[in-house]
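Chemist: Generate coordinates for the entire structure from the input sequences, incorporating the hints supplied.
So the chains spell out like this:
There are 2 protein chains.
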Amino acid sequence: MRLRSRDSGSSVLIVGSVALDSVKTPLCQVEDALGGAAVYSSVAASFFAPVMVVGVVGEDFPEAHLEFLESRSIDTAGIQVQPGKSFRWGGSYEYDLNQAHTLFTELNVFQDFRPAIPKAYRSAEFVFLANIDPDLQIEVLDQVENPKLVACDTMNFWIENKRDSLIEVLKRVDVAFLNDAEARQLVGTGSLVKAASEIRGLGPETVVIKKGEHGAMMFCDNVCFAAPSYPLEDVVDPTGAGDSFAGGFIGYLARTRDTREPNIRKAVVYGSTMASHNVQGFSLEVFRKLTHEDIAERYNEFKQMVFFEPV
Amino acid sequence: MRLRSRDSGSSVLIVGSVALDSVKTPLCQVEDALGGAAVYSSVAASFFAPVMVVGVVGEDFPEAHLEFLESRSIDTAGIQVQPGKSFRWGGSYEYDLNQAHTLFTELNVFQDFRPAIPKAYRSAEFVFLANIDPDLQIEVLDQVENPKLVACDTMNFWIENKRDSLIEVLKRVDVAFLNDAEARQLVGTGSLVKAASEIRGLGPETVVIKKGEHGAMMFCDNVCFAAPSYPLEDVVDPTGAGDSFAGGFIGYLARTRDTREPNIRKAVVYGSTMASHNVQGFSLEVFRKLTHEDIAERYNEFKQMVFFEPV
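Chains as they are written, first to last, in my numbering: chain X, 11 to 321; chain R, 11 to 321.
The reader is advised that the hints may include incorrect statements.
Since copy identity is lost for identical chains, a pair holds within one copy or between any two.
To be verified - Below, a list of computed lysine-lysine pairs in the DSS-like style, where the Cα atoms sit at most 30 Å apart:
hint	residue 1	residue 2
1	K95	K34
2	K34	K299
3	K204	K34
4	K204	K299
5	K129	K313
6	K313	K34
7	K95	K204
8	K129	K181
9	K204	K129
10	K158	K204
11	K276	K181
12	K204	K181
13	K276	K299
14	K204	K313
15	K172	K276
Read the hints as simulated data drawn from the structure, not as lab findings. Just so we're clear, the structure is a prediction, and the values are computed from it rather than from any experiment.
Modeler: Shown next as structure tokens:
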């Protein structure tokens, strides 16, 4: 386990939402908890590599949340504090924890967010464009200087309402994360294998399809890699699972600076590892006390879970 | 690849439906094709071990179908020919190939089927109770003599209408196959992991949950093994996928006579291999020309598909 020495790795730039989430699941509920795609992915990535995060919060954003990010060696100089209230999201999950039901979305300061990438961040070798308006993702791409690997996430709303911009983003990224429904919706096909192949045709060399409790699949070149999800008896709160996955994925690649296919498989498993830890608690609860040993142990469990002997 | 020498293995007894299927999928359609759970599972198992099949057909059942089974070294002496018409099932699949829509079910001679296990079959070491009325599955269990391993399949209809009998069956089998919806329905829980654990509490030491395009999971003792499904661009006809899976699974166990956990993992992958081949054609089309080399090749592809390096 060599996760501790991060000196040799690259840092990760992450751009996306910083939010206060109110979430209700069958097991519990919480109000105005730390959340947002950029937060989940930054904290997950911070276990592997130094992170620089760009986002926006309102004047009401608790200082303690920013201090927590800084305690994880996440550079928060790129988080603008704007007059007004922070972005808030409210959602609930029924027993089908794969599906979030949005109760409210208050964009507040996020409404007019324009990502300004600090000069010191622009040379980041690894960039994750978390789920935001693809026009803003393009603005980020225009500001970064020759990154080694760029990954993006998106959601059904942008597929429906900003398709052309999203296609433009996909042309310019190396890795696209989508969940299975989004992948099917984007290219209009029932077969995930065909969908992945068509999305790769739009630009990204690597497509990662997140299937919640059914695991994740990674497609690149002639490779299809399948990782299961970790078998949990209870999911406490699935919020941020996809972002934790993406953060673990890109954080691991940044730490190793190796973007070859065998290492991308490992990144998928580290992503699955971070996602599975995250959903075992509310908000960022689990990440606050997670250790590198916990990560390595679960990674090894994934290895055990898929092992079978040759013919 | 040592699948050819079957002499050292045990034989498999399979009891279930023998049918004429009329199926429509987005890619094609067929009428009165060879089908039925006992047929799919027997033919899949026959690639690994000698098979004895018990079922019933009407006088209209094409002789050529029985000849095909015999050509695969399947002993068909246990298939009763009764006056009347054969069991017929009609179904269709939309683009969501995970879900069969039943168009008609004509039980015909299957209505009064009572499984009479020929004396020569009763000492079979491996028994697969394909999806039939659990009361009939119990009748089979009462006739067999000390098998090494018994596996059963079922369906939502029996969970809803013959729950007590099904629970009795589960008490007496070693392996239960269910799809994910059935597993959740049987014990009324959203979590598959919890469902598997509760079903194991009802009797079977091993529970295999089939998830269609999302692969299969095997639970036993403290083990959770996950196998992906094979990534196919097009599924021609999903009919019989679960039965092909079960046949490959039990056929492989019978051939190796090894029911320890590491070998059960292999059986799951052989099951997945057989299911994935089967859905690439209509009815038993693919199995008619499948070779042991095809099976070994796909098994190896499964191995590649899940491989990742250690921490």
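Chemist: Determine for every hint whether it applies to the structure shown.
Modeler: Verification of the supplied hints:
no.	hint	result
1	K95 <-> K34	within (22 Å within a copy, 56 Å between copies)
2	K34 <-> K299	within (22 Å within a copy, 54 Å between copies)
3	K204 <-> K34	between (35 Å within a copy, 21 Å between copies)
4	K204 <-> K299	between (40 Å within a copy, 26 Å between copies)
5	K129 <-> K313	neither (40 Å within a copy, 46 Å between copies)
6	K313 <-> K34	neither (33 Å within a copy, 40 Å between copies)
7	K95 <-> K204	neither (43 Å within a copy, 41 Å between copies)
8	K129 <-> K181	within (24 Å within a copy, 67 Å between copies)
9	K204 <-> K129	neither (40 Å within a copy, 50 Å between copies)
10	K158 <-> K204	within (27 Å within a copy, 42 Å between copies)
11	K276 <-> K181	within (25 Å within a copy, 41 Å between copies)
12	K204 <-> K181	within (18 Å within a copy, 42 Å between copies)
13	K276 <-> K299	within (23 Å within a copy, 37 Å between copies)
14	K204 <-> K313	both (27 Å within a copy, 21 Å between copies)
15	K172 <-> K276	neither (32 Å within a copy, 46 Å between copies)
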